[in-house]
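Please work from the sequences and hints to get the whole structure.
Note that the sequence shown covers residues 1 to 146 in full-length UniProt numbering.
Worth flagging that the hints you see were computed from the coordinates, not collected in a lab. None of these values were measured; they are calculated from a predicted model. Glycine residues also receive a C-beta, built at the ideal position from the N, C-alpha and C atoms. Each hint should be verified, as a subset may be incorrect.
Each pair of labels, with its calculated beta carbon distance range [claimed, not checked]: (1) A75 with R106: 18 to 26 Å; (2) R106 with E128: 16 to 24 Å; (3) L127 with A75: 19 to 27 Å.
Pairs of lysine-lysine residues, derived as PhoX-like cross-links and limited to a Cα-Cα distance of at most 25 Å, are as follows [stated by the list, open to error]: (4) K134 with K46; (5) K84 with K31; (6) K46 with K129; (7) K84 with K32; (8) K46 with K73; (9) K46 with K132; (10) K73 with K84; (11) K73 with K32.
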Amino acid sequence: MSNEDHEPPPIPPDPEGVSTLQNAHLKPTRKKAFRFLPSSDVLLLKEVTAHTPWAAAHGETNTAWTTVANELKNAISASTADDKACRRRFTALLDTFRREEMESLRVSGTAEEYREREQLLTDCLELEKANKKKRKQRDAKLRPAK
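Have a look at this one:
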């Protein structure tokens, strides 16, 4: 018997040119972070306005944000944003809007996107304030006066 009879068959390369054995020890890659653009901000704000996650019942907030993220994914096929990413972006936009620093967000996008984003932020802020007022009134009715 020769040594050639005992050699393992060659490993066929995968399509990317790296052998399967080399791929076996590589760490799985993380999903690429979704970069919000002015156009995706507008879509996010429309979904947030439609689903009003801040008005969700106790314990249902995450479900509402998941719904927002899923709707965003339906609208933007390349979106990898999850509920946490949508919530963080919305909070960042709202904080910037409250501090009246919208000029910093004007760097990219069209004037129309900027106006629409500002209008949607105004709507979200008003809806959020109305919800807080409604909750205070409800809580005042539930708590007996001392």
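Evaluated hints:
1. Under the hint 18 to 26 Å, the C-beta atoms of A75 and R106, about 23 Å apart, fit the expected range.
2. Between R106 and E128 the C-beta distance comes to about 23 Å, which sits within the given range of 16 to 24 Å.
3. Between L127 and A75 the beta carbons are some 20 Å apart, a value that agrees with the proposed interval 19 to 27 Å.
4. Of the pairs offered as hints, the one joining K134 and K46 holds, with about 22 Å between alpha carbons and a cut-off of 25 Å not exceeded.
5. Distance restraint check for K84 and K31: the Cα-Cα separation of roughly 14 Å lies within the 25 Å cut-off, and the hinted pair is therefore satisfied.
6. For the suggested pair K46 and K129, the alpha carbons sit about 17 Å apart, so the restraint of at most 25 Å is met.
7. With a C-alpha separation of about 15 Å, the suggested pair K84 and K32 falls inside the 25 Å cut-off, and the hint holds.
8. The straight-line distance between the Cα atoms of K46 and K73 is roughly 13 Å, inside the 25 Å bound, and the hint therefore holds.
9. Note on K46 and K132: the hinted pairing holds, with a Cα-Cα distance of about 20 Å set against a maximum of 25 Å.
10. Restraint check: the Cα-Cα separation between K73 and K84 comes to about 14 Å, which is no more than 25 Å; the hinted pair holds.
11. Between K73 and K32, the direct Cα distance comes to roughly 14 Å. Compliance with the 25 Å bound is thereby established for this hinted pair.
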